[in-house]
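Chemist: Residues per chain are reported as follows:
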Amino acid sequence: MSDATTQPRSNTSAGTISGATIRADEAAHFGKLAKDWWDPKGSSAMLHRLNPVRLQFLREAIDLHWACDIEARRPLAGKSALDVGCGAGLLCEPLARLGADVTGVDAAPENAAAAAVHAEGAGFDIRYIAGEVGALDLGTFDLVTAMEVIEHVADKRAFVAALAARLAPGGLMVLSTPNRTPQSRLLMIGAAEGVGLIPRGTHHWDDFITPEELDALLDEAGLDMGEPRGIGFSPAKGLHLSDNLALNYIVTARAR
Amino acid sequence: MTDKRDLLILGGGLVGMTLALAAAKKGLSSHLVDRADPASLTADGFDGRASAISTASWRLFRHVGLEETLEPHGCDIAAIAVLDQMKRGRLDFRPEPHEGTLGRMFANRQLRLALHEAAKKEPLISWHAPVEVLSRDRSEFGVSATLGDGTVLEAALMIGAEGRGSPSREEAGFKMASWDYSHRAMITGLDHSKSHENIAWEIFYPDGPFALLPMLDGPDGQHRSALVWTVDEKDAAGVLKLSDRAFLAEVHKRMGDLLGELTLNSSRSSYPLSFQHTAKIVEHRLALVGDSAHGMHPIAGQGLNLGLRDVGALVEVLDEALRLGLDLGDAQVLAKYEKWRALDSLMVMGATDSLTRIFGIPGKTASAVRRLGMAGIQRTSWLKAFFMNEARGVSGDLPELLKA
Ligand SMILES: Cc1cc2nc3c(=O)[nH]c(=O)nc-3n(C[C@H](O)[C@H](O)[C@H](O)COP(=O)(O)OP(=O)(O)OC[C@H]3O[C@@H](n4cnc5c(N)ncnc54)[C@H](O)[C@@H]3O)c2cc1C
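Taken in order, these protein sequences are the chains called R and D.
Here the first sequence is numbered in this note's numbering, starting from 12 and rising by one per residue.
Here the second sequence is numbered in this note's numbering, starting from 738 and rising by one per residue.
These aren't lab readings, by the way, just hints derived from the structure by calculation.
The reader is advised that the hints may include incorrect statements.
Not close to chain D: a few residues of chain R, all C-beta gaps over 12 Å, as computed [what the hints assert, rightly or not]: (1) A83; (2) E104; (3) G150.
Below, computed lysine-lysine pairings styled on DSSO-like, alpha-carbon distance capped at 27 Å [to be verified]: (4) D:K762 - R:K52; (5) D:K978 - D:K990; (6) R:K248 - D:K1017; (7) D:K971 - D:K990; (8) D:K857 - D:K762; (9) D:K824 - D:K858; (10) D:K990 - R:K46; (11) D:K741 - R:K46; (12) R:K248 - D:K912; (13) R:K43 - D:K1076; (14) D:K1017 - D:K857; (15) D:K857 - R:K52; (16) D:K762 - D:K1140.
Please read all numbers here as calculations on a predicted model, not as lab measurements.
Just so you know, even glycine gets a beta-carbon here, dropped at the ideal spot from N, CA and C.
Between the sequences and the hints, there should be enough to build the whole structure, so can you do that?
Modeler: Next comes the structure, spelled out in structure tokens:
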């Protein structure tokens, strides 16, 4: 049985955690949602393509931070991980494969429910919770990730502080987000959303945050930011880690 | 308890079997399924063919631990000599001593014996043969195959390695570009009085190549080569009906006294030749390897080598997926494999196909062009280097497992 703990029908985003499993009639609905999320050609196509790139960065960061064997299959064994803005679990499931005890949080109850349905099908024991990370009493985690989330958050300072509060001593945080540059404006909003790679209305360019701004916010929260890497695109390589931060970047942070 | 594994490999031929072993070295478990009885596959006389194993393929065998078993059975190819019929003008590919050999020749039977022995010992391989596959299923979270006795085998990723007629490829509905060469290869083993001096001969006739591949001496010191003689399909029946003596006389006509007196040392067999290629080699939780992804004319002896490069690339991509925590059936993972292999197989197949076409045109002018072409290639050292690297299999973006 899945131990999914979600609040599928709650309309308020910051719900309390309920232990209720998903009702059968709703499972079908969330199953459909999950199918779409997990369809590599569906509306999350871009996320599917981003995923290996993020994971490559993440794996390197994990190996460095905990001095793991780079060939190890389960470098996160014995560690806990929290993915904030988990969607349907595209990152949570790889983290679970890498050995972590994973918790996924998403403000949209539908997403958390879809993630739980998918995890059950795939045979993962992942805890999914609907709500705002700042409003939930979750405890702390060795690894905290928030990929492509901060650009959607109104109060970025409070959000970063909430993430920092979830980080266990000696823990590692990894964040990714689009940069606020003329190039990202053109690509993320004009091109990518225009040709349907990203659903329309996903992004508001003004809400994007630069690496310098993120650094300052992390600093305020008592965290040191690592060297950011860009996520670039080229027709030959597809999406890949690069030194060009203009479009999108990914970065580590750890407690001072 | 179901025994869900990482890979469900359908087809345990040379390619599927090597894949299972290479994957196991990376910690990937597999179900390896074949409809043929392993004992019959290694019986004397089942597969009289020999394969040229390129330097790169040899490294893959070494990585999977077959070096010791195979080493004594390989015959080095020191040079490849190309002739236009028996005319003047010979094109030689002979690497400098420090460049190593162009590969080595193995009897397919020896390759199979070594692979079977290793597979039996490998705990990560669950080998099911001979069995019949009744149905295949690829669903959201995994794949399965139902066997004749009702057993259901489950895994994360299905691999189609069933050779040219691959039912998993057919089921996936991949469109194949294919054409029949309407030619047939006559295969047999020859004993000959002169030493082959480790030279592989490719003698081109309008019907196709006549190839002599150096093999190790026989138990009584007989010099040996493997013959692959391509004949037009319309003449094939006639050639097949020839008595051994008449057959040898035909063979002698085509190679003269290159290797001295000839006798047959195995039964004669024949294979129809065709070219087939599919641009798509992956689908939802399915990847094709070996002849199921690309069948080809055996002129340059690249079929098995190409399949082994598939193995190297796929295992590397899957290993990376494991490192990143990705599902082995993840679409991005499979797309990477497909992209990597697409260019390579087209290049090799293009080269093989155009070689046949260059040498396959009848008539005087064509022959002059062919000879000119050969003299041209003889002079152009970089072209020679290219051909030699192709024969060695070391050109292009090589998978790690095929590197030194
Ligand atoms: C005349 C000739 C000469 C050649 N010479 C060379 C050479 O010198 N060098 C070289 O590199 N290559 C050569 N090749 C090509 C080479 O033999 C092939 O590329 C290679 O054997 C392909 O291996 P495979 O494992 O992909 O397919 P196969 O060898 O065809 O193996 C397929 C396996 O799948 C099994 N199978 C089939 N259908 C099913 C099913 N429905 N269910 C379960 N199992 C099934 C079969 O029993 C078999 O074991 C030559 C080919 C020919 C025809």
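Chemist: For each hint given before, does the structure comply? Return the numbers of the non-compliant ones in rising order.
Modeler: Checked against the structure, the hints that fail are numbers 1, 2, 4, 9, 10, 13, 14 and 15, while the rest are satisfied.
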